[in-house]
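Protein chains in written order, with the numbering used here: chain B, 195 to 528; chain L, 133 to 366.
It should be emphasised that the hints constitute simulated quantities derived from the structure, not laboratory data.
Keep in mind that this is a model prediction, so the values were computed, not measured.
Incorrect hints may appear among the rest.
Beyond 12 Å from chain B on every Cβ pair, some chain L residues (computed) [claimed, not checked]:
hint, residue
1, 241
2, 244
3, 247
Here are the simulated lysine-lysine pairs, DSS-like style, with alpha carbons at most 27 Å apart [to be verified]:
hint, chain 1, residue 1, chain 2, residue 2
4, L, 142, B, 322
5, L, 261, B, 525
6, L, 261, L, 243
7, L, 300, L, 328
Note that beta-carbon positions come from the ideal geometry of N, C-alpha and C, so glycine has one too.
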Amino acid sequence: MKEVSGKKVSYVYFYIGLIITGLVISFLGRFQILSRYYLQIFMFMCINIIMTVSLNLINGFTGEFSIGHAAFMAIGAYTSCIFTTILFSSSKWPPYYQIPFFLISILIGGFASFALGYIIGLPILRLKGDYLAIVTLALVEVMRSAIKLSDELAGLFQRMHLTRLSQIIQQIGGPRGLSSVPGFTNIFWTVFFTILTVFIINRLLNSSYGRVWLALRDDDIAAEMMGVNISFYKNLSFAIAGFWAGVGGGLYAHILRYIHADNFNFIKSIEYLVYLYLGGMSSIWGSIIAAGSLTFLLELLRIVNMQQWRLVIYPLILIIIMIKKPEGLFKRDF
Amino acid sequence: MLKVENLTIKYNHIQAVKNISFEVSQAKIVALLGANGSGKSSTLRAISGLIRPSGGKIIFNGKEINELPPHEIVRLGIIHVPEGRGIFANLKVIENLEIAGYLRKDRKKMKKDLEHVFDIFPILKQRQKQYGGTLSGGEQQMLAIGRALMARGKLILLDEPSLGLAPKIAESIFQIISEINNEGISTLLVEQNAQKALEIADHGYILETGRIVFNDSAKELAGNQKIRKAYLGE
Ligand SMILES: Nc1ncnc2c1ncn2[C@@H]1O[C@H](COP(=O)(O)OP(=O)(O)O)[C@@H](O)[C@H]1O
Ligand SMILES: [Mg+2]
Chain B
195 MKEVSGKKVS YVYFYIGLII TGLVISFLGR FQILSRYYLQ IFMFMCINII
245 MTVSLNLING FTGEFSIGHA AFMAIGAYTS CIFTTILFSS SKWPPYYQIP
295 FFLISILIGG FASFALGYII GLPILRLKGD YLAIVTLALV EVMRSAIKLS
345 DELAGLFQRM HLTRLSQIIQ QIGGPRGLSS VPGFTNIFWT VFFTILTVFI
395 INRLLNSSYG RVWLALRDDD IAAEMMGVNI SFYKNLSFAI AGFWAGVGGG
445 LYAHILRYIH ADNFNFIKSI EYLVYLYLGG MSSIWGSIIA AGSLTFLLEL
495 LRIVNMQQWR LVIYPLILII IMIKKPEGLF KRDF
Chain L
133 MLKVENLTIK YNHIQAVKNI SFEVSQAKIV ALLGANGSGK SSTLRAISGL
183 IRPSGGKIIF NGKEINELPP HEIVRLGIIH VPEGRGIFAN LKVIENLEIA
233 GYLRKDRKKM KKDLEHVFDI FPILKQRQKQ YGGTLSGGEQ QMLAIGRALM
283 ARGKLILLDE PSLGLAPKIA ESIFQIISEI NNEGISTLLV EQNAQKALEI
333 ADHGYILETG RIVFNDSAKE LAGNQKIRKA YLGE
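Bound-form chain B, shown alone (with noise of 0.2 Å):
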């Protein structure tokens, strides 16, 4: 990775600002000023920017159309749930080892979100916008059925005679669910990721990575008419998109503490989305802000008892941008 010239962006006041906020309200938590709800509610936000900023490698800065981030953050957050609760009940361990322990979990979920990313783009980064954006929901749907489907798994195992992993397998849950997920996500934990998210995303578009990226956006046949191995960069953009996915589906589940298949479906994908469309494409900025400020807006529903408009809303929301201001609330960085 080379430095490129060019503009630089520098999110240093974001970094400053969440650490301030998330030191406020931890201190008002412990002073119970603020409830657990509230606590969460920022951590939602946290993780929301983490997905959104994530989205904008893919469908902004590279110029792709993905609505499968759901599907990455159901595999980090099952991959890092199999760890801390099936494979290791960590909630028993004291609690010097169960925080490195967690960092390593989402960790794994992140690569393993990673690894499909260049797996699955393998194929299907071949194709291009409708038909990229219809197969990319089509996995957010094979992954929540398959994840349902796990106690089919866990009898072909038993019949195999592979009990142990069959057992292990079970816990998954399939349509029950996988609960007593240890709440090991905290107000420091969301704040450190994002932070990373930002920062490391950041970093990568002012590299030579990056400028392959945007050149990706602007015209992939010239690109390759240039040297660029685009399926390569293509993979590369899907998988560490999927990576920060990952880690934004693990800590969701240490948060809830019970996931569901139906926790990711494609609704959850059409969210990002629209937080991604409303900050901006392209705007590191955009998506901050939009995912932070909707994500508060929308809890707020769930306050009033409104929760099922929250599918009127994203829609009127998506409309309203597309007929006001079809770049977005922001500028684009690049």
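Given the coordinates of chain B, work out where chain L with the ligands should sit on it, guided by the hints.
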């Protein structure tokens, strides 16, 4: 240097190029001329690997390259400057140039090459902070050629570089092609502006509906009455 033997290109059932053979030797400019739809662009696309020929051989420096993917063909030193130029509109001029450099192994020489490109195209130096999409047509063509130089092209495939340019600008583009050639870079020049192309070329081939109908030195072609009537608009 480049040898094309019995090249055939099909789009579904339509034969766009029918069994053509030609050659570009070291440090020469070879013009590939012909009317619209005669198969010039298709031939270039096959050489750079963007489409697979359905028959024939493409040999570059003794190596058969038909089966290679485009990015590996670039690495061998064949750079295709497409019709419409393929500028990255949302990258700055300097970034457009640098991107070609990243993909090379010898990054140390990049600075030097950049200076060289700026020597040839001083206007690009002035515009280096501007976005590619904001350049005029002539400047974009210069940028596209500059980018090919940054990629260390040994053989540059130029698809209608004068298309849509004012005559004076087109003139200076031809001038530059000729200068670059003097540095030892070979060029396969596709043009509809046959007159101008033959002025700077060493050799010419004329395509008609996918077949080579004339093949001679540029001088002979430019002097041939039949060709002047049919292709040079006299
Ligand atoms: N992608 C394509 N699909 C189908 N036919 C094509 C395609 N590209 C070119 N052709 C056809 O191939 C023939 C040669 O086209 P082309 O190589 O672009 O000619 P030129 O560059 O000399 O104008 C034309 O008849 C054109 O219609
Ligand atoms: Mg053409």
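Checked hints:
Non-interface call for residue 241 of chain L relative to chain B: holds, since the shortest CB-CB distance, roughly 14 Å, exceeds 12 Å. Here residue 244 of chain L stays apart from chain B, with its beta-carbon at least about 16 Å from theirs, past the 12 Å limit. For residue 247 of chain L, the condition that its CB be more than 12 Å from all CB atoms of chain B holds, with the nearest at approximately 14 Å. Distance check on the hinted pair: residue 142 of chain L and residue 322 of chain B sit about 23 Å apart at the alpha-carbon level, within 27 Å; holds.
The suggested pairing of residue 261 of chain L with residue 525 of chain B holds, with an alpha-carbon distance near 18 Å, which does not exceed 27 Å. Of the supplied pair hints, the one linking residue 261 of chain L and residue 243 of chain L holds, its CA atoms being roughly 16 Å apart against a limit of 27 Å. With a C-alpha separation of about 12 Å, the suggested pairing of residue 300 of chain L with residue 328 of chain L holds against the 27 Å cut-off.
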